[in-house]
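Chemist: Residue strings, one per chain:
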Amino acid sequence: MQNNKHTHRVAAAPSLQQPDHRSSEVRPASGESSDESSEFHCTLTAENLNAWYGDFHALHDITIEIPNRRVTALIGPSGCGKSTFLRWINRMNDLVPKARAAGRLELRGTDLLDRLLDVVDLRRRVGMVFQKPNPFPKSVFDNVAFGPRLHSRYSRNQLDEIVERSLRQAALWDEVKDRLGKSALQLSGGQQQRLCIARAIAVGPDVLLMDEPCSALDPKSTRRIEELIAELRKQYTILIVTHNMQQAARVSDLTGFFCEGRLVEVGLTGHIFTNPTRKETEDYISGRFG
Amino acid sequence: MNMPPESGNSRAAADRSPAVRRAKNRLFHWLSVAVACCSVGVLLTLLTVIGLRGFRHLDLGFLTSAPSRHAAEAGMGPAIWGSVWICLTCTLCALPIGVGTAIFLEEYRPVSVVGRKIFGLIQLNITNLAGVPSIVYGILGLTVFVQWFGVAGHANEPLFTIGQKWYDSFIDETGQALLVRVSGRDAPEVSVSESLEYRSESGRPATVQVTPEAEIAPVRTAIDTFAETLTDALSDVIEPGSNLSAEATAGLVIDALRTVALPTDDRPHAAMVDRWASLAMQASGQTGRDYRRAMRAVKTAVYTEMSKAALPNVLSAKAAATRTDRKAFYYVQIPFGRGVLAGGLTLMLVVLPVLIVSAQEALRGVPSSLRQGSLALGATRWQTIYRMTLPAAIPGIMTGAILSISRAIGEAAPILIIAGIVFIRFTPHHLMDEFTAMPLQIFDWAGRPQEDFHDVAAAGILVLLGVLLTFNATAVLLRHKYQRGNQ
Ligand SMILES: Nc1ncnc2c1ncn2[C@@H]1O[C@H](COP(=O)(O)OP(=O)(O)OP(=O)(O)O)[C@@H](O)[C@H]1O
Ligand SMILES: [Mg+2]
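Protein chains in written order, with numbering that gives the first Met the number 0: chain V, 0 to 289; chain Y, 0 to 486.
FYI, nobody ran anything at the bench for these hints, they're computed from the structure. In this text the structure is predicted, and so the values were computed from the model without any measurement. A virtual CB, placed ideally from N, CA and C, is assigned to each residue, including glycine. Treat each hint with caution, since some may be false.
As the list claims (entries may be wrong) - Cross-link-like lysine-lysine pairs, in silico, PhoX-like; alpha carbons within 20 Å at most:
id, chain 1, residue 1, chain 2, residue 2
1, Y, 480, V, 181
2, Y, 116, V, 137
3, V, 181, V, 137
4, V, 219, V, 131
5, V, 176, V, 137
6, Y, 480, V, 97
Unchecked claim - Simulated restraints on C-beta separations:
id, chain 1, residue 1, chain 2, residue 2, range
7, V, 55, Y, 479, 40 to 46 Å
8, Y, 360, V, 120, 30 to 36 Å
9, Y, 471, V, 78, 15 to 21 Å
10, Y, 30, V, 214, 26 to 32 Å
11, Y, 33, V, 54, 52 to 58 Å
12, V, 95, Y, 159, 47 to 53 Å
13, Y, 329, V, 151, 40 to 46 Å
14, Y, 471, V, 244, 52 to 58 Å
15, Y, 107, V, 173, 38 to 44 Å
16, V, 155, Y, 138, 55 to 61 Å
17, V, 282, Y, 360, 44 to 50 Å
18, Y, 138, V, 151, 49 to 55 Å
Take these sequences, add in the hints, and give me the full structure.
Modeler: What follows is the structure in structure tokens.
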């Protein structure tokens, strides 16, 4: 493998290269503005991000800007650092004793690598959906209400409202509305994963990280979740890791290709899949890659 | 696999012929069946022997009554209550400390290298402590809890006390101490020579004639002198270990009584007759099955003989008031002394390592995906523990706690060091009160020379086994329920 010392700017998305993109970070964050003009505002940016597990250098000079209210897919062979990247965005890597990172990783101008960062607040703004559905051994209602209850004291009515809204957004309401009090472990795998998504959006995050959310699901459930992502895209900035090329092509606006801890290429999904600039990307997408 | 017969492996392959393998399989099958039967057989034999010996003594009276010098009347009420007291103390102290330590060790693992080294050291120590013999904890408890390293004065002159309450105590007709609570040490002593209404410890209302201690003292001395003379007289008449018949013993006792001058003239006091009778029994070396019959014969004889004879009138229905140091239920002192609290805390030391390790096991059993899910929603570490990890681990923690505390109930060695073998007829009333426990009581009975007491010990073992079985069954049920609830 050749050693790419240089970082990869997004070539196919001109608006991402706007030199004044920093102005968007200075702007006060307003969760409600959804006008089309803010299409490629990027408030989540990484610049020369390096990450290590002990001596193992897991991420090399990652530079990427994640557009707001768009779906960004991360693809790449196993072990290339996609999860590591996601886990730095919501600092789940704090749980790994030897994990450390250097470089710049910012969300709305906040340095996410700051040791003193309030990770509780960060994780409230950056939700995460895991590869394996991990519903809590509680009722469906309590699962969704878990997050809101952590952050403030709601009345029962308010909670009912939040739970219903989240479940509707996650396209699960109709299936579970009659058994909100039943254990969430009784749901099917696909329902459990949608429950986890509902649980994540109940807190009201800005960014949603999904680490292979469909890898444990059948095609039908996968389809539901993809529809759901297309729906959620209007409201949340979504980062999704997937091993399924078709899925990346179907759901994402932007695609980034990771390989051996490097971000080889990032660009509009259409470009990446039809006309990749780099040979590794083409090999990987066409299935010729290890 | 078809091996060419001339290959080097052919001999090894021939060794493992199906017939040999089947034979080995059968051999080990029967070997394990035999070993299992052996252990079950030993256990059954043990239980049968104990059951047969102890069954006769096992009734409600045995569970409630106090230990006695007579095997037939002995019970383990105070021992059961003593066990309840120390186990409650132990549980209430051990659970928060043990679960807290387990949470600390499992959920707050430090990231830094030095911190991890220190944690490893703590972990190693706890695991090792689980294997320390319990008698060592007994000695530790004696130094730390009973004596407070001697820095806080002696248990009899504590540095610090709360909740002192005194009682006037009376000796009633059956020779039992009765307590009437007074509000403080400065309250006027009951010293009137009149009847006093009170409620005995069993709740039974009664009346005593109260005589001031000063008046009673000379009579007491007289009675003690009389008892001594009587003992001497008895040992003159009866050869020790002669194993006479009941009637012969009774006759000898009467003879002895006739040679002794009695202090005053009145009807004999029940407690006194008991005392004489047992003195006579001791002197005659009368033990075994005839004991109760002999005792009855002696008592009858004594009553008949003495009804005309002289006896201290003051003892007939009167009692002396003395102020005792029985404390209120919330009485606490430092140092703790050989009381319930010291015993419970010592048991806590015994169960803590096991409790911590099993609670850690339970916490580790909670899938880390739940923890991560909770943290990813913005929960703090404590919120994650309190709302996610701990509820999921509680059944496992409870199972471990019940099993380790059932071990504590059967623990004799550390309690022996803390409480010693003392003859205690009362259930404990407060955390500083003296106590005895089931294993201690059994140990005491089993160590006595009289054969009858060994049967009593067997009955005690049955009770203890029953309690332990109940505990273990609870643990099993809990685990079972948890496993079903998880599906
Ligand atoms: N906790 C850890 N400690 C040490 N090394 C780790 C740890 N987690 C991941 N790694 C290493 O970091 C590299 C990147 O891992 P990561 O999980 O980010 O890969 P991935 O791209 O998500 O792979 P996959 O597609 O299989 O999920 C791998 O080589 C992995 O072995
Ligand atoms: Mg991964």
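Chemist: Which numbered conditions among the earlier hints are violated in the structure presented, ordered from lowest to highest?
Modeler: Checked against the structure, the hints that fail are numbers 2, 6, 9 and 10, while the rest are satisfied.
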